[in-house]
Amino acid sequence: MSGAPIRLTYREAMRAALREALQRDPRVFLMGEDVGRYGGCYAVSKGLLEEFGAERVRDTPLSESAFVGAGIGAALGGMRPIVEIMTVNFSLLALDQIVNNAATILHMSGGQFSIPLVIRMTTGAGRQLAAQHSHSFEGWYAHIPGIKVLTPATLEDARGMLWSALEDPDPVLIFEHGALYNMEGEIAAVAGAVDIASAAVRRGGSDVSLITYGGTLWKTLQAAEELAGAGISAEVVDLRVLRPLDTPTLLASVERTHRAVIIDEGWRSGGIAAEISARITEGVFYSLDAPVARVCSAEVPMPYAKHLEEAALPQVPAIVAAARNLVTGRG
Amino acid sequence: MSRARNSALLSREQAVARLRDMLRIRRLEETCMELYSAGKIRGFLHLYIGEEAVAVGALRALTADDAVVATYREHGHALVRGVSMGAIMAEMFGKMEGCSRGRGGSMHLFDAATRFYGGNAIVGGGLPLAVGLALADKMQGRTRVTACFFGEGAVAEGEFHECMNLAALWNLPVLFCCENNLYAMGTALARSESETDLALKAASFAMPAWPVDGMDVVAVEDAAMRAALAVRAGGGPCFLEFRTYRFRPHSAFDPELYRSKQEVEEWKQRDPIATFTARLREQNLVDDGALAILEGEVAREIEAATAFAEAGHLEPVEDLTRFVYSERKKDGRSP
Numbered sequence: 001m002s003g004a005p006i007r008l009t010y011r012e013a014m015r016a017a018l019r020e021a022l023q024r025d026p027r028v029f030l031m032g033e034d035v036g037r038y039g040g041c042y043a044v045s046k047g048l049l050e051e052f053g054a055e056r057v058r059d060t061p062l063s064e065s066a067f068v069g070a071g072i073g074a075a076l077g078g079m080r081p082i083v084e085i086m087t088v089n090f091s092l093l094a095l096d097q098i099v100n101n102a103a104t105i106l107h108m109s110g111g112q113f114s115i116p117l118v119i120r121m122t123t124g125a126g127r128q129l130a131a132q133h134s135h136s137f138e139g140w141y142a143h144i145p146g147i148k149v150l151t152p153a154t155l156e157d158a159r160g161m162l163w164s165a166l167e168d169p170d171p172v173l174i175f176e177h178g179a180l181y182n183m184e185g186e187i188a189a190v191a192g193a194v195d196i197a198s199a200a201v202r203r204g205g206s207d208v209s210l211i212t213y214g215g216t217l218w219k220t221l222q223a224a225e226e227l228a229g230a231g232i233s234a235e236v237v238d239l240r241v242l243r244p245l246d247t248p249t250l251l252a253s254v255e256r257t258h259r260a261v262i263i264d265e266g267w268r269s270g271g272i273a274a275e276i277s278a279r280i281t282e283g284v285f286y287s288l289d290a291p292v293a294r295v296c297s298a299e300v301p302m303p304y305a306k307h308l309e310e311a312a313l314p315q316v317p318a319i320v321a322a323a324r325n326l327v328t329g330r331g
Numbered sequence: 001m002s003r004a005r006n007s008a009l010l011s012r013e014q015a016v017a018r019l020r021d022m023l024r025i026r027r028l029e030e031t032c033m034e035l036y037s038a039g040k041i042r043g044f045l046h047l048y049i050g051e052e053a054v055a056v057g058a059l060r061a062l063t064a065d066d067a068v069v070a071t072y073r074e075h076g077h078a079l080v081r082g083v084s085m086g087a088i089m090a091e092m093f094g095k096m097e098g099c100s101r102g103r104g105g106s107m108h109l110f111d112a113a114t115r116f117y118g119g120n121a122i123v124g125g126g127l128p129l130a131v132g133l134a135l136a137d138k139m140q141g142r143t144r145v146t147a148c149f150f151g152e153g154a155v156a157e158g159e160f161h162e163c164m165n166l167a168a169l170w171n172l173p174v175l176f177c178c179e180n181n182l183y184a185m186g187t188a189l190a191r192s193e194s195e196t197d198l199a200l201k202a203a204s205f206a207m208p209a210w211p212v213d214g215m216d217v218v219a220v221e222d223a224a225m226r227a228a229l230a231v232r233a234g235g236g237p238c239f240l241e242f243r244t245y246r247f248r249p250h251s252a253f254d255p256e257l258y259r260s261k262q263e264v265e266e267w268k269q270r271d272p273i274a275t276f277t278a279r280l281r282e283q284n285l286v287d288d289g290a291l292a293i294l295e296g297e298v299a300r301e302i303e304a305a306t307a308f309a310e311a312g313h314l315e316p317v318e319d320l321t322r323f324v325y326s327e328r329k330k331d332g333r334s335p
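Sequences listed follow chains S and Z, in order.
Just so we're aligned, residue 1 is where the first sequence starts under the working numbering, counting upward by one.
Just so we're aligned, residue 1 is where the second sequence starts under the working numbering, counting upward by one.
Hints are computed from structural coordinates only; laboratory data are not their basis.
Being a predicted model, the structure only gives us computed values, none of them experimental.
C-beta: ideal position from N, C-alpha, C; glycine also.
Keep in mind that a hint or two might mislead.
To be verified - Okay, the calculated beta carbon distance ranges per label pair:
1) S:D59 to Z:D197: 28 to 36 Å
2) S:T281 to Z:Y258: 46 to 54 Å
3) S:T281 to Z:R322: 27 to 35 Å
4) Z:T196 to S:D25: 40 to 48 Å
5) S:E51 to Z:V317: 47 to 55 Å
6) Z:R259 to S:A43: 54 to 62 Å
7) Z:D65 to S:E51: 28 to 36 Å
8) Z:D65 to S:R256: 55 to 63 Å
9) S:A197 to Z:N171: 34 to 42 Å
10) S:D25 to Z:T321: 28 to 36 Å
11) S:P244 to Z:A304: 40 to 48 Å
12) S:L92 to Z:A233: 35 to 43 Å
13) S:A318 to Z:G39: 51 to 59 Å
14) S:L62 to Z:N171: 13 to 21 Å
All chains should be modelled from the sequences, with the hints used to inform the complete structure.
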């Protein structure tokens with residue numbers, strides 16, 4: 001086994017993480033709609049049924065509430081379930097189980113019953129799937145105490161977060177951005193587990209902090225590159241974890257740059273970007289040289305037509321413009 | 001197998017044990033209602049009075065290794081399952097010594113020692129948990145049963161249908177115990193279900209299902225023993241519809257506008273404690289003296305439980321946010 005880099009996609013990184021988890025711990029199993037014979041609706045679990053069998057790669061009926069709740073029960077019963085929900089919009093059919101059971105039972109039982117459950121789902125837009133397959137509800141979930149919310153944006157996180165999530169004694173939700181599955185790159189062949197507690201500075205800078213996560217990380221890095229061409233040094237912070245938020249890393253970045261733009265594929269009103277903005281004003285208000293800015297999705301259900309979908313989503317020019325306005329004082 | 005096919009086959013000791021458990025639930029809850037009026041217990045208080053035969057009979061079919069998932073009307077189930085009356089009472093008082101440390105209250109009794117998984121107050125929400133607990137047992141090669149109690153109101157929820165299907169499809173060891181007390185809060189079964197034969201509905205999921213007289217502790221126990229035996233043997237889930245009746249309002253806030261006093265009185269003629277006591281008297285298994293002794297024992301247990309709850313401690317407010325996430329030990333591992 002060498003540490004030489006290997007080339008793979010985000011999808012393959014996820015699959016490698018699943019395979020490794022199934023190999024390492026006999027209590028781990030994967031269940032969800034079409035995870036087995038079909039190979040996963042985004043082909044993440046392709047081949048795992050053949051390798052691990054139908055008991056551990058378990059196709060479920062279209063019963064989100066039942067199989068998510070069964071994941072909770074199986075976790076209570078000593079297993080380490082990984083439940084896959086096809087897409088974030090479908091997770092709303094299991095919201096009762098996630099919010100009323102997974103997030104509450106430890107507390108309601110006075111600390112007696114923890115729920116070591118991992119729920120994975122696809123989130124985000126960009127594939128012309130319209131208003132019932134494209135939303136970004138990870139910010140909503142981040143509102144709920146009792147669960148943890150992960151948003152892997154890099155290949156390292158796609159491969160490393162799952163094992164850390166499985167080792168966590170509490171329910172962890174992993175949001176995989178659908179537009180990232182085909183992203184290809186190199187990572188170390190022996191890359192291991194990663195922490196699921198901290199944000200990461202993906203690019204250093206001194207003029208403005210661009211704070212984002214998930215699918216918009218790459219657009220934000222592209223915007224930072226364009227800003228550099230215009231003489232603006234942008235720092236890019238990848239939140240990685242939406243609950244619990246790594247507030248110290250955020251605030252430290254804004255203290256360095258004195259300006260912040262939050263880029264979030266969720267809607268602006270009541271979203272995670274609003275929460276981050278509030279934490280910045282609560283924590284480092286007197287370090288700010290400009291008001292906090294947000295680049296979020298337009299407040300419409302996601303439209304199908306390509307040009308409308310693109311217009312609804314945060315895009316590089318909007319991120320660049322928001323940052324420029326803060327730095328040049330024309331905001 | 002049927003060790004209790006009718007009360008004529010019960011020994012004096014067996015008969016008194018069943019009567020004692022029903023009385024413990026009834027008297028405990030009567031006391032709870034008084035303590036509620038006195039302001040010692042707050043929140044919602046859902047009494048099980050009238051339905052005692054179901055929990056007492058059905059839980060006798062379980063072993064200590066089995067699991068129980070119950071609803072917000074679960075004082076009786078917790079008590080019969082083995083949670084101490086003191087811990088139940090302290091929970092309702094909101095004390096640290098309560099079985100959920102005062103975090104749950106009347107609707108959320110939990111107890112790891114007796115594998116009592118709540119205390120679920122979303123109608124139908126406990127069914128997926130039961131399916132998952134049974135799935136874990138099956139995957140780990142254990143022959144345990146998970147008993148899942150829910151009211152007939154749950155039958156209208158989508159989760160009921162999803163879970164019945166999943167349990168049957170995967171041949172999971174779940175004993176579904178439907179407590180049909182005819183009213184989902186104030187909505188009568190006939191006003192909410194196109195098909196009111198619940199066993200028939202359940203049978204459509206390809207699992208054994210039958211109705212049981214839920215006012216007769218012996219009939220309940222007999223049915224539960226048969227069903228649990230089949231479930232434990234690997235035959236997949238079973239569904240029992242216990243036909244019963246709640247004598248008290250839905251909760252302490254219910255003015256009972258939806259049913260007649262006459263209907264309530266008619267059901268009270270079938271009171272599971274009164275009818276069982278009468279049968280035992282006929283068979284000379286109990287007499288006035290034995291009943292007085294029994295009532296005295298139960299009264300002392302309640303007195304001790306109430307004193308335990310009164311003497312309990314309030315959790316320090318500094319501990320408010322504990323148990324949102326698991327507490328890790330110093331070595332970084334979770335407990």
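Those earlier numbered hints the structure runs against, lowest number first:
none
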